[in-house]
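J.: This is what each chain is made of:
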Amino acid sequence: GAVVSQHPSWVICKSGTSVKIECRSLDFQATTMFWYRQFPKQSLMLMATSNEGSKATYEQGVEKDKFLINHASLTLSTLTVTSAHPEDSSFYICSARALRRDSSGNTIYFGEGSWLTVV
Amino acid sequence: KQEVTQIPAALSVPEGENLVLNCSFTDSAIYNLQWFRQDPGKGLTSLLLIQSSQREQTSGRLNASLDKSSGRSTLYIAASQPGDSATYLCAVRGTYKYIFGTGTRLKVLA
Chain U
1 GAVVSQHPSW
11 VICKSGTSVK
21 IECRSLDFQA
31 TTMFWYRQFP
41 KQSLMLMATS
51 NEGSKATYEQ
61 GVEKDKFLIN
71 HASLTLSTLT
81 VTSAHPEDSS
91 FYICSARALR
101 RDSSGNTIYF
111 GEGSWLTVV
Chain Z
1 KQEVTQIPAA
11 LSVPEGENLV
21 LNCSFTDSAI
31 YNLQWFRQDP
41 GKGLTSLLLI
51 QSSQREQTSG
61 RLNASLDKSS
71 GRSTLYIAAS
81 QPGDSATYLC
91 AVRGTYKYIF
101 GTGTRLKVLA
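Which chain is which? The protein sequence lines are U and Z, in order.
By the count of my numbering, the first sequence reaches residue 119 at its end, each step adding exactly one.
By the count of my numbering, the second sequence reaches residue 110 at its end, each step adding exactly one.
Careful, some of the hints might be misleading.
Unchecked claim - DSS-like mimics (lysine-lysine), calculated; alpha carbons at most 27 Å apart, straight line:
hint : chain 1 : residue 1 : chain 2 : residue 2
1    : Z       : Lys97     : U       : Lys41
2    : Z       : Lys107    : Z       : Lys42
3    : U       : Lys66     : Z       : Lys42
4    : Z       : Lys1      : U       : Lys55
5    : U       : Lys55     : U       : Lys20
6    : U       : Lys14     : U       : Lys41
7    : U       : Lys66     : U       : Lys20
8    : Z       : Lys42     : U       : Lys41
9    : U       : Lys55     : U       : Lys66
10   : U       : Lys14     : Z       : Lys42
Unchecked claim - Just some of the chain Z residues that point at chain U, by a computed CB distance under 7 Å:
hint : residue
11   : Gly43
12   : Lys97
13   : Gly101
Hints listed in this document are in silico derivations from the structure and should not be mistaken for laboratory results.
Cβ coordinates follow ideal geometry from the N, Cα and C atoms, glycine included.
Construct the complete structure from the given sequences, taking the supplied hints into account.
T.: Structure, rendered in structure tokens:
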């Protein structure tokens, strides 16, 4: 079945550095990928939607210069947290919409998520 | 604007009990609803996905139902085990965007 892989699953970085999280669709092409973030004891919230080859669309309140999203190919989207601060520590998860002409073309698959800790 | 609520926020039960987790949503125009499990410090695992045209889905000891008209879904866990201890999230999909509930933290006591 379709699989979405996120890497790394865990990452610890120092304040002020940048960290990149990758989201890959392993056996399908994804026209659209979505990035979510979970604050402690809160629900997952959509951060941005990225379409291959175009700029990401960010949700209200999400700093696009801080959370850089690149969707350079149909199988890979990256989220880069720039100049990370401890308050950026969170659970980040991506999902991908399959590019298919059959009924599964509207299916969205989730990655397992990435835990970021900024120290 | 879609809002998703999960009740209870936390639940502690003795092993072997059957239990029900509730999820309600305000906009019935959904594409599907998905239940996830999240273990502390670990990733998200999809448990069951119910399409808007379906009433329920079953997988092992799990059964999820969907009543779109009333904006409700339930996740039924039969014969609970300590290994079921986790946070359970429901998520409702509109066009492509999922709206998540805040989750129910389940603890099954041995």
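J.: Each hint: holds or not?
T.: Tested hints:
Proximity of Z/Lys97 to U/Lys41 is assessed by CA-CA distance (about 21 Å); at most 27 Å being required, the pair is judged to hold. A threshold of 27 Å between alpha carbons decides the hint, and for Z/Lys107 with Z/Lys42 the separation of about 16 Å falls inside it, so the pair holds. Distance hint between U/Lys66 and Z/Lys42 is fulfilled; the C-alpha atoms sit about 25 Å from each other, no more than 27 Å. At roughly 25 Å between alpha-carbon atoms, Z/Lys1 and U/Lys55 fall within 27 Å of each other, so this suggested pair holds.
Straight-line distance between C-alpha atoms of U/Lys55 and U/Lys20 comes to about 17 Å, which keeps the hinted pair within the 27 Å bound. For the proposed pair U/Lys14 and U/Lys41, the alpha carbon gap of about 23 Å is at most 27 Å, so the pair holds. Restraint check for U/Lys66 and U/Lys20: satisfied, since their Cα atoms lie roughly 12 Å apart, inside the 27 Å limit. About 14 Å separates the Cα atoms of Z/Lys42 and U/Lys41, which keeps this hinted pair within 27 Å; it holds.
Between U/Lys55 and U/Lys66 the alpha-carbon distance is near 14 Å, which keeps this suggested pair within the 27 Å criterion. For the hint linking U/Lys14 to Z/Lys42, the alpha-carbon distance of about 21 Å falls within 27 Å, and the restraint holds. Interface restraint check: Z/Gly43 against chain U, minimum CB-CB distance 3 Å, threshold 7 Å, status holds. With a cut of 7 Å, the hint placing Z/Lys97 at the interface with chain U holds, because the nearest CB-to-CB distance is about 6 Å.
The beta carbon of Z/Gly101 is positioned within 7 Å of a beta carbon in chain U (closest approach about 6 Å), and the interface hint is therefore held.
In this structure, none of the earlier numbered hints is contradicted; all agree with it.
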